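Chemist: Read top to bottom, the protein sequences are chains A and B. Note that the first sequence covers residues 1 to 181 in my numbering. Note that the second sequence covers residues 182 to 362 in my numbering.
Since the hints were made in silico from the structure, they are not lab data. Please read all numbers here as calculations on a predicted model, not as lab measurements.
DSS-like mimics (lysine-lysine), calculated; alpha carbons at most 30 Å apart, straight line:
1) B:184 <-> A:17
2) B:333 <-> A:3
3) A:3 <-> B:184
4) A:125 <-> B:336
5) B:240 <-> B:304
6) B:184 <-> A:155
7) A:3 <-> B:336
8) B:336 <-> A:123
9) A:155 <-> B:306
10) A:152 <-> B:184
11) A:3 <-> B:198
12) A:59 <-> A:123
13) A:155 <-> B:304
Residues from chain B shown here face chain A by an in silico Cβ test under 10 Å; the list is partial:
14) 184
15) 185
16) 187
17) 192
18) 213
19) 222
20) 224
21) 273
22) 275
23) 276
24) 281
25) 283
26) 284
27) 290
28) 342
29) 354
In this text, a Cβ means the ideal position worked out from N, Cα and C, and glycines have one as well.
There are 2 protein chains.
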Amino acid sequence: MSKDTIATVLERRSVRKYNPAHVPTEDLTIILEAGRQAPSAHNGQPWHFVAVRDPEVKKALGIACNNQIWIPHADVVIAGVGLPRLSERWFAIDVTIALQNMVLAATGLGYGTCWIGAFDEAKAKQVLGIPEELRLVALTAIGIAAERPAAKPRKPFAEIFSLDRFGAAIDLERRAVRTVR
Amino acid sequence: MSKDTIATVLERRSVRKYNPAHVPTEDLTIILEAGRQAPSAHNGQPWHFVAVRDPEVKKALGIACNNQIWIPHADVVIAGVGLPRLSERWFAIDVTIALQNMVLAATGLGYGTCWIGAFDEAKAKQVLGIPEELRLVALTAIGIAAERPAAKPRKPFAEIFSLDRFGAAIDLERRAVRTVR
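Full structure from sequences and hints, please.
Modeler: Here is the structure:
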């Protein structure tokens with residue numbers, strides 16, 4: 001049905017070139033459901049998601065996202081909206097978890113995705129008609145990938161992982177990672 | 182190797198009861214690698230992760246997390262630390278994406294996990310020796326599940342999804358979701 005979870009996580013890339021073909025509604029439904037089922041603090045679900053498919057709205061959204069002209073080429077752009085009234089402290093984290101569920105579900109189904117963090121919140125909210133009291137946390141593009149970017153370099157294990165206390169070296173089976181890639 | 186991505190996303194539950202068995206280091210390595218490969222704004226990777234396995238440290242951490250006494254029973258607790266100096270605007274979102282990658286990798290490998298959002302940041306940072314200028318964003322427990330909680334209720338599709346503009350109804354293939362569950 002969809003790819004192996006570990007392969008999905010390790011093979012995901014940020015895709016900014018898309019074919020014009022559509023994501024079938026059936027697949028989009030599964031992708032959205034992946035977000036709906038995300039965990040949230042006290043199950044507050046302080047979120048709303050706008051799935052943008054209209055070419056004109058996508059174009060205006062791309063302009064509101066610092067003129068990223070590739071954005072309208074993705075079949076769907078999902079805007080992750082937070083409801084601060086429900087969870088002032090956690091809405092941004094909860095929306096992010098749900099969006100990453102969607103990104104990985106889409107990747108598992110074979111689509112390309114790209115997180116979009118650069119945007120003018122006021123302009124993007126206006127384009128999408130998002131009420132004043134809500135927040136736009138982040139967006140992701142989803143579509144049929146027309147490129148397979150190389151993996152970007154990552155910081156080494158020793159720099160970003162500690163055992164038990166910050167800065168204490170962790171002894172890991174690096175072999176394990178080579179096996180799964 | 183690991184479960185189907187969609188199944189992983191939809192079958193994940195917040196597990197708070199664990200068996201004392203250990204997560205093999207080889208699997209822990211894969212789980213951490215899943216976080217290391219997460220996307221981040223401008224590939225800034227504004228993160229560090231402390232994998233806590235020492236029983237005494239886990240116990241102190243559980244106390245710092247609002248006395249959640251179940252926490253030390255999980256074999257590993259991963260603390261997601263943000264580096265604001267690298268990315269003031271995005272560190273919390275980037276750490277969250279990486280932690281959700283780890284949660285889903287662990288779920289895909291058959292482990293139980295639970296996001297931990299309730300904690301006293303100052304106390305938890307002290308327990309883990311996290312430098313003053315860094316931020317503790319969130320934590321997750323990982324271990325051998327000793328329970329299979331029922332799915333918590335979720336808000337209906339119509340309440341949390343719009344098409345093109347906030348509040349506009351989206352017509353989805355609900356059948357698709359029933360098929361995959």
